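> Please model the complete structure; the sequences and the hints are all you need to start from.
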Amino acid sequence: MESVLTTRGLSKTYGSCHALRNLSMEVPKGAIYGLVGRNGAGKTTLIRLLCGLQTPTAGSYTLYGVDHTDKAIHTVRQRMGAVVESPAIYQDLSAINNLKMQAQVLGLPSQEDLPHLLGLVGLEDTGKKKVRHFSLGMRQRLGIAMALVGSPDFLVLDEPVNGLDPQGIVEMRELLLRLNREKQITILLSSHILDELARLATHYGFMDRGRMVQQITASQVEAACRKCTHVEVSDVAILARVLDGMGLDYTILSSHSADIYAHPHVTELVQALADAGCQVSSMHQHDESLESYYMSLVGGDARG
Amino acid sequence: MGNLLRADFFRLWRSKSFWACMIFQVGTGAFVPVSCYLYAIQNPFPSSQHLDEELLSFLPFECILAALFCTLFIGTDYSDGSVRNKLVVGHRRWEIYLSHLVTCTAGYLLMCVGYLLPYLAVGIPLFGFLQKDASTVLAYLGATLVLTVALTSLYAMLAMLISNRSVSAVVALVLSFVLLLSGSYLYSYLNYPPTYTQLTYDPVTGAMVEKETKYPFYLEGTKRDVYQLLCDVSPGGQVMQCTAWDAPNLPLLPVYSAALTVVTTGVGLWLFRRKDLK
Numbered sequence: 001m002e003s004v005l006t007t008r009g010l011s012k013t014y015g016s017c018h019a020l021r022n023l024s025m026e027v028p029k030g031a032i033y034g035l036v037g038r039n040g041a042g043k044t045t046l047i048r049l050l051c052g053l054q055t056p057t058a059g060s061y062t063l064y065g066v067d068h069t070d071k072a073i074h075t076v077r078q079r080m081g082a083v084v085e086s087p088a089i090y091q092d093l094s095a096i097n098n099l100k101m102q103a104q105v106l107g108l109p110s111q112e113d114l115p116h117l118l119g120l121v122g123l124e125d126t127g128k129k130k131v132r133h134f135s136l137g138m139r140q141r142l143g144i145a146m147a148l149v150g151s152p153d154f155l156v157l158d159e160p161v162n163g164l165d166p167q168g169i170v171e172m173r174e175l176l177l178r179l180n181r182e183k184q185i186t187i188l189l190s191s192h193i194l195d196e197l198a199r200l201a202t203h204y205g206f207m208d209r210g211r212m213v214q215q216i217t218a219s220q221v222e223a224a225c226r227k228c229t230h231v232e233v234s235d236v237a238i239l240a241r242v243l244d245g246m247g248l249d250y251t252i253l254s255s256h257s258a259d260i261y262a263h264p265h266v267t268e269l270v271q272a273l274a275d276a277g278c279q280v281s282s283m284h285q286h287d288e289s290l291e292s293y294y295m296s297l298v299g300g301d302a303r304g
Numbered sequence: 001m002g003n004l005l006r007a008d009f010f011r012l013w014r015s016k017s018f019w020a021c022m023i024f025q026v027g028t029g030a031f032v033p034v035s036c037y038l039y040a041i042q043n044p045f046p047s048s049q050h051l052d053e054e055l056l057s058f059l060p061f062e063c064i065l066a067a068l069f070c071t072l073f074i075g076t077d078y079s080d081g082s083v084r085n086k087l088v089v090g091h092r093r094w095e096i097y098l099s100h101l102v103t104c105t106a107g108y109l110l111m112c113v114g115y116l117l118p119y120l121a122v123g124i125p126l127f128g129f130l131q132k133d134a135s136t137v138l139a140y141l142g143a144t145l146v147l148t149v150a151l152t153s154l155y156a157m158l159a160m161l162i163s164n165r166s167v168s169a170v171v172a173l174v175l176s177f178v179l180l181l182s183g184s185y186l187y188s189y190l191n192y193p194p195t196y197t198q199l200t201y202d203p204v205t206g207a208m209v210e211k212e213t214k215y216p217f218y219l220e221g222t223k224r225d226v227y228q229l230l231c232d233v234s235p236g237g238q239v240m241q242c243t244a245w246d247a248p249n250l251p252l253l254p255v256y257s258a259a260l261t262v263v264t265t266g267v268g269l270w271l272f273r274r275k276d277l278k
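Those protein sequences? They're chains A and B, same order as listed.
Take our numbering: the final residue in the first sequence is number 304, and no numbers are missing along the way.
Take our numbering: the final residue in the second sequence is number 278, and no numbers are missing along the way.
Since the hints were made in silico from the structure, they are not lab data.
What you are looking at is a predicted structure, and each value in this text was computed from that prediction instead of being measured.
Check before you lean on any hint, since a few could be wrong.
Listed next, the in silico DSS-like pairs over lysine-lysine satisfying Cα-Cα at most 27 Å (straight line) [said to hold, decoys possible]:
#1 B:K275 - A:K128
#2 B:K275 - A:K129
#3 A:K100 - A:K227
#4 A:K130 - B:K223
#5 A:K130 - A:K100
#6 B:K16 - A:K100
#7 B:K278 - A:K71
#8 A:K100 - B:K223
#9 B:K16 - A:K130
#10 A:K100 - A:K128
#11 A:K71 - B:K16
#12 A:K129 - A:K100
#13 A:K29 - A:K71
#14 A:K29 - A:K183
#15 B:K223 - B:K16
Here you go:
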């Protein structure tokens, strides 16, 4: 599969601090690549290097096959859009003027598409209101719109849902999915909200202490994560006895709840429990989360 | 780089700090001749005010205003993070640096014009035309122009290398005061008279006796040459000399300013290329 981004042994050192160590990764074209790692894992440093804000201490990366030391990298970067940490927008300008600025930076001949971009991120009604009066979520969305000026086909987003309210998170997710599916934009994003990332990403890169621990596709993660059924009952001792009798694997969570790692025949199980005098108050199926997978991969002391 | 220049001028036109400085300059340019005229009416000495005297008196203020303007204008690119947008889409660092330098220089020159035009428009009806000959005026204006570029390049270097807008503004302001104070110090030392008339009381005759005495602070020989060189080379010294229309080495001043521009821009570009941005 064609790669948009490839890194080979990328390292970055600040004094004696090794922010990135020999990191190699590959972002396939058309993917939504989620970077997962705790604070200080090196996600933002990696994004800064990719955006040309900093230079690697060692190693290299290629964008669309062009090495970062090649002069042509400047041309290739025009196919990129990015929001690194906080959105890069002028506080004293309105949303549309910010987009006009970016269009001028890119040397776009036409600015007709800019109101459409504002509409795309839900900021079409902001008029002449200056960005300094925007909420954090509005700024975040304007940051994405800025990154989309010039119709990039590779979008790099660092914590794009930071500061968004629940509705904003849903809208952002829908926007990113739409950009990926309808415009075939490859997206590299980092996020601490792993549940949210799990709904978006097609590929994951798990980072820890500046290293890439594992690269894996979403379907591989899904296959690796065990399905489980969470049940809440009146007596967990009876539940354990019934499950043992059925030969099902389970974990007791509390005196009234347990996780069953299988697809039990629901009617059969409920009937057996009822016969044994145990009432079932709720039962639902869920996957082992991306968070659990990540925790098991890097160890249990992950901080986010 | 054309795209960056267009974008920077787009922002300059909407910059509050630019318009605040412009209003100050235009207001000062119109106020100074009126103030001088009122003073001349109240103090009608034969050699009182004429239009030349205050024509370049805006330079010390400009030195401070340029520090504020450059650091606020460029610092906004850092504080709002928008310098990242330029790098991400493939603009080279030297293009970003030079675009900022050109925009700030243009803004600064507009501020100079913003003082000079109202000054002449209000001053000529009150005092008549300039008394100095056109070649002298043009020579001083030329030196001022190159000095303006040198000051901008100095402040632009600071603003490009210090990512924190507040810190860069404070550093540039302190530097501007240091430049002006050091220039004033050098210039005043160079202007001490070689001798002064000392009045002494003669106890024999009981009369006051006038005697020409060597001025103790008068600079001579190599020391004077060194002070003159420092005064010529330093932007603060040039400001003082141009403001007073008193530059013995006037043709050399633009050369020193141009050299300062080349050095500061070169050093700034070299360091900015290696700077890690966040």
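> Any of the earlier hints contradicted here, and which numbers?
1, 2, 3, 4, 8, 11 and 15
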